[in-house]
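**Q** Chains as they are written, first to last, in this note's numbering: chain A, 1 to 159; chain B, 1 to 303.
Just so you know, these hints were derived from the structure itself, not from any lab.
Keep in mind the model is a prediction, meaning the values are calculated, not measured.
Note that the Cβ used here is the ideal one computed from N, Cα and C, for glycine as well.
Among the hints, a few may not be true.
Some, not all, of what chain A presents toward chain B, calculated at C-beta under 10 angstroms [said to hold, decoys possible]:
no., residue
1, K31
2, L46
3, T56
4, V57
5, L58
6, L76
7, K121
8, L136
9, G156
Residue strings, one per chain:
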Amino acid sequence: MRRWLPFLLAAALLAGAVSAPAAETVTVIIKKTSIRRDRQFYAPTLAEAGLGDSFTVLAREKGWVKVGTSAGEGWLHESAVTAKKVTASAKGPAGGKVDAQDVALAGKGFNPQVESEYRKKNPKDDFAAVDRMEKLGAGDKAIADFLAEGHLQPRGAGK
Amino acid sequence: MSAARRAAALAGVLGLAGGLLLLPQSARAKLDLFKALETVVENQDKIVKTGEALRKGFSDLTPQEEYYLGRAVAARILGTYRALDDGERTRYVNTLGQVLARSSSRPETFGGWHFALLDSDEVNAFAAPGGFIFVTRGLYATCANEEQLAAVLAHEVSHVTLRHGLGAIKNERLTEAFTILGTTALKEYSKGDLQKLTTAFEGSINDIANQMLVSGYSQGQEYAADAEAAHVAWRAGYDPAGLTQFLQALREKGKSAAPKGFFSTHPPAAERLTRAEGAIEDDRLSGTTDPARTKRFAQYSLR
Numbered sequence: 001m002r003r004w005l006p007f008l009l010a011a012a013l014l015a016g017a018v019s020a021p022a023a024e025t026v027t028v029i030i031k032k033t034s035i036r037r038d039r040q041f042y043a044p045t046l047a048e049a050g051l052g053d054s055f056t057v058l059a060r061e062k063g064w065v066k067v068g069t070s071a072g073e074g075w076l077h078e079s080a081v082t083a084k085k086v087t088a089s090a091k092g093p094a095g096g097k098v099d100a101q102d103v104a105l106a107g108k109g110f111n112p113q114v115e116s117e118y119r120k121k122n123p124k125d126d127f128a129a130v131d132r133m134e135k136l137g138a139g140d141k142a143i144a145d146f147l148a149e150g151h152l153q154p155r156g157a158g159k
Numbered sequence: 001m002s003a004a005r006r007a008a009a010l011a012g013v014l015g016l017a018g019g020l021l022l023l024p025q026s027a028r029a030k031l032d033l034f035k036a037l038e039t040v041v042e043n044q045d046k047i048v049k050t051g052e053a054l055r056k057g058f059s060d061l062t063p064q065e066e067y068y069l070g071r072a073v074a075a076r077i078l079g080t081y082r083a084l085d086d087g088e089r090t091r092y093v094n095t096l097g098q099v100l101a102r103s104s105s106r107p108e109t110f111g112g113w114h115f116a117l118l119d120s121d122e123v124n125a126f127a128a129p130g131g132f133i134f135v136t137r138g139l140y141a142t143c144a145n146e147e148q149l150a151a152v153l154a155h156e157v158s159h160v161t162l163r164h165g166l167g168a169i170k171n172e173r174l175t176e177a178f179t180i181l182g183t184t185a186l187k188e189y190s191k192g193d194l195q196k197l198t199t200a201f202e203g204s205i206n207d208i209a210n211q212m213l214v215s216g217y218s219q220g221q222e223y224a225a226d227a228e229a230a231h232v233a234w235r236a237g238y239d240p241a242g243l244t245q246f247l248q249a250l251r252e253k254g255k256s257a258a259p260k261g262f263f264s265t266h267p268p269a270a271e272r273l274t275r276a277e278g279a280i281e282d283d284r285l286s287g288t289t290d291p292a293r294t295k296r297f298a299q300y301s302l303r
């Protein structure tokens, strides 16, 4: 028995290390998003986040993820992040698995290189007009004014 | 070019492109051979695995891929129609659209939501993947108030969140793309891989545009988008009755309109109306049409 003791101790330590709860992280899977002070789109922005940025998860509530940032604690909407452990490498997948999020975060898939090639073959498609359309949006202030003027009280995002 | 001639020309281009890009038997055989070769590679080197096994269909497309597909579909629409040169109304539609998108099941997409008006008398609206939404001047003018315009935009937003456009892509195109992506380790593609990916991409754009502009979504998809639209509008604070009011107006317009464009790609408005009324009642969605919004809409009306 004594001979096996060190091995048993090592096994117990290993099991402990494995079962210790690892901090969950989320990674942003869209170009840019806002970390909000409260879990709603109409709350003030605490900080901006971009594609590939990772955060430690502090809580999850009603479609929102609470994360820690250097500016304090804030909320990201679930549609902007993935909880999957990400291997964002341009060199390729670690561990041999390629999945959708790896592909996206490594910049692979249908990307600017594919679009550029496609545009050469389809000159009648008006990408310049799409670029102009993408510049249009509405900032938080414009949206807040629009809601107030129209007496609108949104009930939040859907599932 | 008249709307009818433009639609006919577009249908011709799409048909030709679609025909050329359908995979013939010999190409399928090559694809099978390609897969077989990958299996050999996989067995020799466990680091390389096929994408084919890990990504199967359109629901596995990433937000980024959806965005680039959407950009190209939007470019096709804006190359076919033209954006309305009216900054004030475009800003109004955009702000209203953002409010609705935030009340949808996917408030955040890869490149964000964008809304535009098209300079056309046709009564039509389009939703490109990723969140590029278009409403024609003709459809805009059919709306009598903001609740109705909100219902129209919410319907298009729902086509995006329910991924109806992506569902039009023929599976062999995605199998081809995912197979290449599963085996290439580089961010920059080789010339051969880039050509194959571009062909798959181009075929996907033709599939989506063909469904959107020529064949239309299935009736089931239209009813689902209506039901979801009632929820999106209601969550944004709008009266869901805007949807039924709009469908009533559409039903009246459809009685005199030629069966083309919107009226050929959508199920009869009377049937949509019955189902939308049922969905609103079943889910007990209710609201009021605030006069402040109707007054605001009057400033931007195109009637």
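**Q** Holds or violated: is there a CB of chain B closer than 10 angstroms to the CB of A:L58?
**A** Status violated, d = 19 angstroms.
**Q** Taking the least C-beta to C-beta distance, is A:L46 closer than 10 angstroms to chain B?
**A** violated (16 angstroms)
**Q** Hint check: is the beta carbon of A:G156 less than 10 angstroms from a beta carbon of chain B?
**A** With a closest approach of 6 angstroms, the A:G156 hint holds.
**Q** Holds or violated: is the Cβ of A:L136 closer than 10 angstroms to a Cβ in chain B?
**A** holds (5 angstroms)
**Q** Hint check: is the beta carbon of A:K31 less than 10 angstroms from a beta carbon of chain B?
**A** Status holds, d = 6 angstroms.
**Q** So, as I understand it, the hint says A:L76 touches chain B; can you test that by seeing if any CB pair is closer than 10 angstroms?
**A** Where the cut-off is 10 angstroms and the nearest Cβ of chain B is about 9 angstroms from A:L76, the hint holds.
**Q** Against chain B, with CB atoms and a cut of 10 angstroms, does the hint on A:T56 hold up?
**A** violated (20 angstroms)
**Q** Would you check whether A:K121 satisfies its interface hint, that is, whether its CB is within less than 10 angstroms of any CB in chain B?
**A** This hint holds: A:K121 lies near chain B, its Cβ roughly 7 angstroms from the closest one there, short of 10 angstroms.
**Q** Under the criterion of a CB-CB separation shorter than 10 angstroms, is A:V57 in contact with chain B as hinted?
**A** Since chain B brings no Cβ nearer than about 17 angstroms to A:V57, farther than 10 angstroms, the hint is violated.
Violation of the numbered hints given earlier is confined to hints 2, 3, 4, 5; the remaining hints are satisfied by the structure.
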